[in-house]
Amino acid sequence: MLQVPMEYYLILSAFMFTVGVAGVLIRRNAIVVFMSIELMLNSANLTFITFSSYLGNSIGQIFVFFVMTVAAAEAAVGLAIIIAIFRNKLSVNIDEINIFKW
Amino acid sequence: MINLIYLTVLLPLIGFLFNGLFGSKIKNEKIIGIIGSSTVGISFLIVVGAFIQTLSLPVEQRSNTVEIFTWLNVAGLNIKFAYLVDQLSLTMGLIVTGVGFLIHIYSIGYMHGDKGYWRFFSYLNLFIFAMMNLILGDNFLVLFLGWEGVGLCSYLLIGFWYDRNFEKGTTSQAAKKAFVVNRIGDFGFLLGMFLIYFTFDSLNFKEVFAKATTFPVTETTFSLIALFLFIGATGKSAQIPLFVWLPDAMAGPTPVSALIHAATMVTAGVYMVSRASILFASAPSIMIVVAVIGLLTALMAASIGLVQNDIKKVLAYSTVSQLGYMFLAAGVGAFSASIFHVMTHAFFKALLFLGAGSVIHGMHEEQNIQNYGGLKKYMPKTYITFFIATLAITGVPGLSGFFSKDEILWNAYANGSFVFWLIGVLTAMMTAFYMFRLLSLTFYGNERFDHHHVHPHESPAVMTVPLMILAFLSVVGGFVGMPKVFVGEHGNLFENWLEPIYKPAQLKLAHFGMHSHFEEILLMAISVVLALSAIYFALKVYTQKPEIAESVSSKFKGLYNLLLNKYFVDEIYEASVVQPIQKGSEKLLWKFADVKIIDGAVNGVALLIDKLAEQIKKIQTGFVQYYALVMIAGIAVVLFFLLFSL
Amino acid sequence: MPANNYEYFLLLPHIVLSVGIVLSILIEIFTRKGKEVLPWFSSLLFLFVGFYSIINIDKNFFIFGGMVEVGGRASIFNFIFNIAALLTVLASTDYIKKYGINYSEYYILIQSSVLGMMVMAMAHDILVIFMGLELMSICFYILAGLNRKRSSNNEASLKYFLLGSFATGFIVYGIALVYGTTGSTSIQNIFENFMQYFNNILFIVGMLLLLIGFSFKIAAVPFHMWVPDVYQGSATSVTGLMSTAGKAAAFSVLLILLGTSLSYSSPIVFRNYFSVIAVLSTLVGSIIAIAQTNLKRMLAYSSIAHAGYMAIGLAAGNNYSFAGITFYLAAYVFMNIGAFTIISLIEGKDETRLTLNSYAGLNKKSPFLAAMMSLFMFALAGIPPMAGFFGKYYVFFGAIKSDLTWLAIVGVLSSLISVYFYLRVVVYVYFMNENEQFEIEKSVGSNLAISLTGLLVLLFGIFPDSLMNLIVNFIK
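Chains A, B and C supply the protein sequences, listed in that same order.
If you're matching positions, the first sequence starts at 1 in our numbering and goes up one per residue.
If you're matching positions, the second sequence starts at 1 in our numbering and goes up one per residue.
If you're matching positions, the third sequence starts at 1 in our numbering and goes up one per residue.
Please keep in mind that the hints were generated in silico from the structure rather than gathered at the bench.
Glycine residues also receive a C-beta, built at the ideal position from the N, C-alpha and C atoms.
Far from chain A, some chain B residues (derived; all Cβ distances over 12 Å):
(1) Arg164
(2) Gly169
(3) Leu195
(4) Glu219
(5) Pro241
(6) Ile360
(7) Ile384
(8) Phe387
(9) Pro397
(10) Ser417
(11) Val465
(12) Pro546
(13) Ser554
(14) Asn565
Distance ranges between label pairs, derived from CB positions:
(15) C:Pro384 to A:Ala22: 48 to 56 Å
(16) B:Leu72 to C:Ile440: 33 to 41 Å
(17) A:Ser58 to C:Pro385: 48 to 56 Å
(18) B:Val476 to C:Leu47: 54 to 62 Å
(19) C:Ser263 to B:Ile619: 34 to 42 Å
Isolated chain A (complex conformation) (with noise of 0.2 Å):
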């Protein structure tokens, strides 16, 4: 079986990571913006996958499975706020979540 090189593993996690990092700065509405932090998320764990698979070593994996159950739990949180949010403002618009400032 061919041997997939582990730069492009690397190289591919390191794209979806300033992807996501793009997205945060770019999207306005605040569940894009938060799916775009999940993407970063992800795009370590395909990273610890990656070097846990060429490593040998089965931290990397281990690491993986606490990332998801932190993400879940960001997003359970996360989402909640957001409800909060648009039920105040009926927006989930962040750019119009400025009282506090200066």
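With chain A's structure known, arrange chains B and C on it following the hints.
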């Protein structure tokens, strides 16, 4: 008990905190008074216990250090909060807590009904706390902490009746004067401390004093250190040129005058000189300065005392004069005699002030002795105790003041010079005169007060009992320090007790030739005879022939006015120091240097930063994505530099 | 795998707290008295855990195969977190009624966040650090937005959440890179062979991302942007806890990382990084705080500046400065909680009375609060003999020891700037005429918390060396 010595500091602090925090809510004066006094009383018992324990130890083990905690420990500067329990600190501790306790008891009666009753007791406790730190501290920094603490308490207590007038100004002005003058002295003390640390690399007494005998330090350095320390002492102990605050300090309540401005705080300077005896002994020229300043102060203050009419003023100048004696003793190397005089003086001068307080109390706050007279029959207990104290201070043989004063005079002659002795005796004569003048005008002769408005009465027992105890001490207090000429070489218990403290200093001091016993007894006799004749003269003039005083004062009008106005020292200071500084400060420093340059610069910078802040805060736009962008920018910069540096 | 049952005993504080959290949830579910019982239950829990930890400070072991460390430094931090939480609970029982977040969850979330902090402080494995960090952060996201009807809470919570998980993304990615180059997540292993990994660019980038993530948590410039908005928007008692214990937890991780690096005498590669963020944080924090009138926002900027002073200690990177940071953190926790408690007392319904104007003439309304507020402001400004002075002193001294005198000078200069806005509060409290009439609510718990913190601030200032010795002995 030695290990419990920290309680003597802690208990008054607890008393201060309790009365200070809750005193205003406690309506019952008794509770406040009992708490205030008992903390000091228990401290006294602990000091007595420590004293007995120390006494039972062999001589070489009598100096113990009780470490409380490490205060600072940074690069070479290691300051421990530790207490040194040795012969000197125990002696002072006994005086401070013992006399302090009696004065606390007395204050229960004296301050009765005052609206600031709780404040008074909390301040007094704070004072004992600070004073015990000053005495017990095992290094210069803890001593300085106490030194500043007692200064603060003195300020608070002089201005205690902040809404009353005092002479030409207010009590607050008197308090301020005391504070400012003390500050000048403290500055000298600080300089001395810096120089000690600079020279010996330590502030711990034991280390510094050990190094003082072994380190190759020039005499100039020693002289500077001693001079700076002595400037500190002149401030706290009211010596020329910084004595002007003490008479004004009489604006405070009388128990305060007794405790702080007679018995304890003002002797802090004497204690400090005596503690640092080796540093002074290594600077012979400064020793002479100390002796001369002490002598001049004694003479000058005594002469002012001759004509004062305010009962507390007379006693205040008498205190300044007696402090002068103590410095004279220290200056001629008789450190133990100076501490001995601190002790006897604490007894009889506290007694005199408390007696004066009792008189003032009974005379409805009248303080002018010209308006007293014939009070003997109205307040017999006060009279008898006051009489005993007067005998003690004038040096009538057998009473405490005689022994201590005689020892100082003898040392002034033996280690100093005949002139020292002569001026000392002259001062003693004046002391005898003004004290008996005071006694006569107050208790003997015609009743010169207004019978319709003033009804003299004896004070309650809570005030007279402390008087009696102090009277007893004034009589017997001197027997621990009998002159060697009577009791032999090892008979002077007090000197033997303190001797180990001064050993290094005494080794360094060269003593002049031998003097015969005959010489000593002769000088003693002369001084006694002179004092007695002054007493006789004073009694004669002020009880039988007051016209003599009138005619003398009118004959020497110039001199009389000079004395009455205290040599115009206050006025001279006002004109030569205070006014120029005030004017200079106002015109040059304040209106120009401060307002224009410093304020300008400070306000300018502040304004600049304020404006800057107004602008910079705009970077906080409130948009989440902008915040994320700043983070990314930060990360980018960091990574960029990282790649660059690799 | 636990080597023996003894290891469980060493872990007792964490176990007790975890059981306590479960019990609290059960109390909340099955009884109607959760709101009355939980404040006391949590207080006792914190008291027990805090003191149990500090009593067992000398039982210093690495357990679970070196993944966690108990006793010693971890004990000191456990004590700080638990006392901070205890004081917060004490101070907030009345406040949360006023603020409208009188839910049992409030206490359960505080307990959980403290558990997260304790996990962070004991971690010697990046995995454990990550779990503790997330446990704490997620609890804080919820706490910040606990009153979901208020738009201020919503905004604080959203900003905190988005930026916090954004930073988490970087931390996780950094950990992934570190793991990839070292094949391990054990901190000890990483620093043991530091020289070997040092030349690997991926490793260094990974480490930096990890440090940046924690720089975000300690609120260092330029990763501080969330702090003012979140601190201002959250409930005051929550802000008190986040700004003190939360920051201390993040610092405990940095101290573990750099401390381990020091004990293997690895080269101090991150010194420049910490120097730069220290300078930026102290200056930006102090200067912008001057332009603030809202006290919570002002203290938020002050907290940025304080993070900067502590980062000076990180840059210095010697044992002395690390002990100094620990001392500073303890002092900072107490003075800041005290200040926030006073703010919570003055604060009116609906987040009014938070500006300086409401503090004008406070002395007339309550001499006690006025005196304590001044005490905390003096302490924060670093004026002796208050705790804050010695915190700064030890850290600056550590910097001078590492030949970073210029950094210490910058620190001193910016503390000078900061005196301006701290003392402005004192000026308002004592020298301005009242221009608002209001009743200060009476709250025994708050007054107790204020008195305790005030006492601790003074004690730390009077006996700094005894405490410092304790810390120096146990921080290795």
